[in-house]
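**Student:** What follows is each chain in one-letter form.
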Amino acid sequence: MSQLEEEIVDFRTPDGSNLVGILSRPPKDVPEQKALLILSHSGLVHKAGSHRGQHNLAHYFASRGYPVFRFDPVGFGDSDGFTPEHINQDLFASIESGRFVSSYTGAFDYLASRFKDHRWVVSGVCGGAISSLLGGAENRHPIAGYALISCPVVLDGSNFDYSRREPPQMAVKMLKMYASKVINPKAIWRFVSFQSDYKLMWKMLRTMVLRTVDKVFRRKKKPAETKPAVAEAPKAVEKPRVALSARFIKASREAMQRSKMLFIYGNNDGFLWEFTDLYAAAHLSNAKRDEVLRVVEHSNHMFQWTEWQQKAFALIQEWLTSTVLLT
Amino acid sequence: MSDGVAQLAVGGTAESARRVTQQVQFLTRPDGGRLYTALTLPAGAEPSAVVLFCPPTFDEHSRAYPIMREYARGLAARGIGTLRFDYFATGDSAGTSDQFTMSSGVGDVAFLLSWLATRFPGVRIVPMAVRMGARLLLDAIVGQAGALAGRLTAPILWDPVVDVRSYVFNELRATLSGALMVYQGQVATREEIVKETLATGFCDRRGYKLNQVDGYPITAELLREVGLATETPAPWSYAEPVNVVITVRGASAAERPRTQLAALLPKMEFRSNEDIPYWNQQPLYRQTRDKLFAIADECVTRCLS
Numbered sequence: 075m076s077q078l079e080e081e082i083v084d085f086r087t088p089d090g091s092n093l094v095g096i097l098s099r100p101p102k103d104v105p106e107q108k109a110l111l112i113l114s115h116s117g118l119v120h121k122a123g124s125h126r127g128q129h130n131l132a133h134y135f136a137s138r139g140y141p142v143f144r145f146d147p148v149g150f151g152d153s154d155g156f157t158p159e160h161i162n163q164d165l166f167a168s169i170e171s172g173r174f175v176s177s178y179t180g181a182f183d184y185l186a187s188r189f190k191d192h193r194w195v196v197s198g199v200c201g202g203a204i205s206s207l208l209g210g211a212e213n214r215h216p217i218a219g220y221a222l223i224s225c226p227v228v229l230d231g232s233n234f235d236y237s238r239r240e241p242p243q244m245a246v247k248m249l250k251m252y253a254s255k256v257i258n259p260k261a262i263w264r265f266v267s268f269q270s271d272y273k274l275m276w277k278m279l280r281t282m283v284l285r286t287v288d289k290v291f292r293r294k295k296k297p298a299e300t301k302p303a304v305a306e307a308p309k310a311v312e313k314p315r316v317a318l319s320a321r322f323i324k325a326s327r328e329a330m331q332r333s334k335m336l337f338i339y340g341n342n343d344g345f346l347w348e349f350t351d352l353y354a355a356a357h358l359s360n361a362k363r364d365e366v367l368r369v370v371e372h373s374n375h376m377f378q379w380t381e382w383q384q385k386a387f388a389l390i391q392e393w394l395t396s397t398v399l400l401t
Numbered sequence: 251m252s253d254g255v256a257q258l259a260v261g262g263t264a265e266s267a268r269r270v271t272q273q274v275q276f277l278t279r280p281d282g283g284r285l286y287t288a289l290t291l292p293a294g295a296e297p298s299a300v301v302l303f304c305p306p307t308f309d310e311h312s313r314a315y316p317i318m319r320e321y322a323r324g325l326a327a328r329g330i331g332t333l334r335f336d337y338f339a340t341g342d343s344a345g346t347s348d349q350f351t352m353s354s355g356v357g358d359v360a361f362l363l364s365w366l367a368t369r370f371p372g373v374r375i376v377p378m379a380v381r382m383g384a385r386l387l388l389d390a391i392v393g394q395a396g397a398l399a400g401r402l403t404a405p406i407l408w409d410p411v412v413d414v415r416s417y418v419f420n421e422l423r424a425t426l427s428g429a430l431m432v433y434q435g436q437v438a439t440r441e442e443i444v445k446e447t448l449a450t451g452f453c454d455r456r457g458y459k460l461n462q463v464d465g466y467p468i469t470a471e472l473l474r475e476v477g478l479a480t481e482t483p484a485p486w487s488y489a490e491p492v493n494v495v496i497t498v499r500g501a502s503a504a505e506r507p508r509t510q511l512a513a514l515l516p517k518m519e520f521r522s523n524e525d526i527p528y529w530n531q532q533p534l535y536r537q538t539r540d541k542l543f544a545i546a547d548e549c550v551t552r553c554l555s
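Respectively, the protein sequence lines represent chains A and B. Just so we're aligned: 281 in our numbering is position 207 of the first sequence, and the numbers increase by one with no gaps anywhere. Just so we're aligned: 494 in our numbering is position 244 of the second sequence, and the numbers increase by one with no gaps anywhere.
These are computed hints drawn from the structure, not numbers from a lab. Don't take each hint at face value.
Said to hold, decoys possible - Reference excerpt, derived from the structure (chain A facing chain B, CB under 7 Å, subset only): (1) Val94; (2) His120; (3) Ala122; (4) Val148; (5) Thr157; (6) Glu212; (7) Ser254; (8) His372; (9) His375; (10) Gln378; (11) Trp379.
Values in this document were obtained by computation on a predicted structure and should not be read as measured data. Note that the Cβ used here is the ideal one computed from N, Cα and C, for glycine as well.
Could you build all of it, start to finish, from the sequences and the hints given here?
**Tutor:** Right under this line is the structure:
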């Protein structure tokens with residue numbers, strides 16, 4: 075098989091920023107499919123992707139006949155612009171609120187001149203997934219499919235309380251892992267010699283404690299007690315808990331009405347439980363949830379290991395051929 | 251775009267955007283391997299000097315990316331050009347990840363030094379590197395001779411990794427930590443990963459290859475090159491002057507790396523920078539590192555004076 079072709083391109087956003095992208099084309103001896111995959115960043119990493127995942131995705135699909143376009147949105151990678159100093163939670167919040175919609179408009183305008191006859195499928199990992207969802211749903215260009223990996227469904231922000239974010243299922247998994255080592259002399263030595271990840275252990279323990287407190291509190295609290303007869307003086311301002319993102323709900327509803335959707339998560343990723351317990355439980359029927367959701371066993375949030383990446387790519391390919399390209 | 255080169259005016263502010271331009275292109279090695287490169291230049295003027303900025307490896311590469319970019323843009327605004335790049339088989343360059351080797355990385359650096367020398371004749375070249383890029387850079391410089399060698403200043407190394415044997419072996423610990431979640435227990439030691447990979451090319455446990463760091467394959471060839479195939483590593487040192495900047499959380503933490511590096515870099519000029527490490531943090535938490543950039547600027551000025 076001959077080499078696939080890669081081309082560096084630049085294009086402009088409607089507000090005049092110059093962005094850089096890479097177009098991967100199938101090798102000459104592989105028939106080109108009429109579907110184009112589009113993706114930008116991966117979490118907070120530029121177009122190559124965390125653990126080189128997006129480069130690998132581009133090569134996986136281009137070698138199977140699908141052109142792939144990945145680009146750096148404004149302020150990321152080698153594109154124009156600057157991301158001002160942020161608390162990461164606020165940077166995530168801005169991404170989840172459509173920070174890069176304009177970058178997608180620029181990419182789509184550019185691609186329209188070259189791939190008008192292709193079906194467009196947007197993809198991405200973590201922040202890149204929500205950017206692709208918002209970029210696709212909030213633009214005029216028709217998107218045939220959304221293949222979103224580890225897509226956040228909540229809205230981040232330093233103004234939110236994260237203390238209860240970690241799902242108990244993940245905390246149990248982690249604590250079981252540590253529990254399995256309590257009689258391991260090496261592990262004990264690491265623990266007493268300050269080499270263990272105490273921060274992680276405390277985080278998991280705290281999750282379990284807080285959830286238990288919540289449970290007990292809910293049981294003890296009677297309905298009458300929830301409405302005090304006399305107004306109390308306001309307590310110190312409490313941060314609201316991290317909750318579902320209204321913009322995600324709206325965009326995913328619109329995308330599901332117009333296009334095909336696929337959500338992929340690893341089962342070692344707390345985002346999976348946020349998707350199922352917060353989003354799907356409230357907004358999707360069980361049948362719809364099962365239709366759109368695929369889980370890669372053992373994978374973590376960023377699909378770090380090559381084997382997990384390959385499984386996710388295979389799921390996308392199967393979905394493309396069985397769903398997107400059939401309609 | 252012209253001739254496969256993306257030309258951009260870049261910068262955080264309108265003023266700096268006017269002063270800086272960037273050319274993103276693939277450069278092809280003599281053996282045909284294509285390297286993703288970004289050349290940042292002062293707009294409308296030839297640079298007074300050029301920097302070859304060698305990135306870290308594995309996922310440190312993507313974490314350090316925004317900081318390297320911002321520093322390159324800052325240099326260009328002051329008249330100094332910078333070439334950044336991805337090693338073959340890493341980042342956006344061609345090649346599958348298992349094709350990355352030390353010798354390939356060293357070859358990339360040597361090739362790009364020559365490219366810069368041809369592209370900017372008569373201009374001094376400042377070799378600069380971050381983390382494991384430092385070792386690749388120093389090994390490439392050792393092989394330089396003649397006119398090109400005469401144009402190179404002393405290298406500037408940010409948080410250098412020069413003992414690559416220990417580095418790769420230590421990084422395997424993170425792989426095993428990740429594996430704990432998969433297997434809910436320990437299935438291999440680092441020594442077993444090294445031994446099996448050297449013998450068979452990989453270390454497989456229930457369908458997953460553990461000979462990897464951050465998802466990047468650690469091949470038998472790479473293990474041999476970093477010295478993990480033998481009980482004792484081959485001696486290595488760099489006898490020429492180098493500038494080293496080490497980022498530490500507190501001033502007292504600088505002594506240990508200083509001592510370790512001094513053994514391998516005897517003519518080292520050492521500076522420490524109190525800050526949060528940038529190569530193992532999520533990127534963009536803070537793109538600009540004023541103190542780090544100021545120290546690096548001081549090194550560049552000294553090198554060019």
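**Student:** Hint by hint, note whether the structure agrees.
**Tutor:** Taking the hints in turn, this is what the structure says about them:
1. Val94: With a closest approach of 5 Å, the A/Val94 hint holds.
2. His120: Hint holds; A/His120 Cβ to chain B Cβ min 6 Å, cut 7 Å.
3. Ala122: OK, holds: A/Ala122 within 7 Å of chain B, min 5 Å.
4. Val148: Status violated, d = 11 Å.
5. Thr157: This interface hint holds because 5 Å falls under the 7 Å limit.
6. Glu212: Status violated, d = 23 Å.
7. Ser254: Nearest chain B Cβ about 5 Å off; hint holds.
8. His372: holds (5 Å)
9. His375: With Cβ-Cβ at 11 Å, over 7 Å, it is violated.
10. Gln378: holds (5 Å)
11. Trp379: Interface hint status for A/Trp379: holds (6 Å vs cutoff 7 Å).
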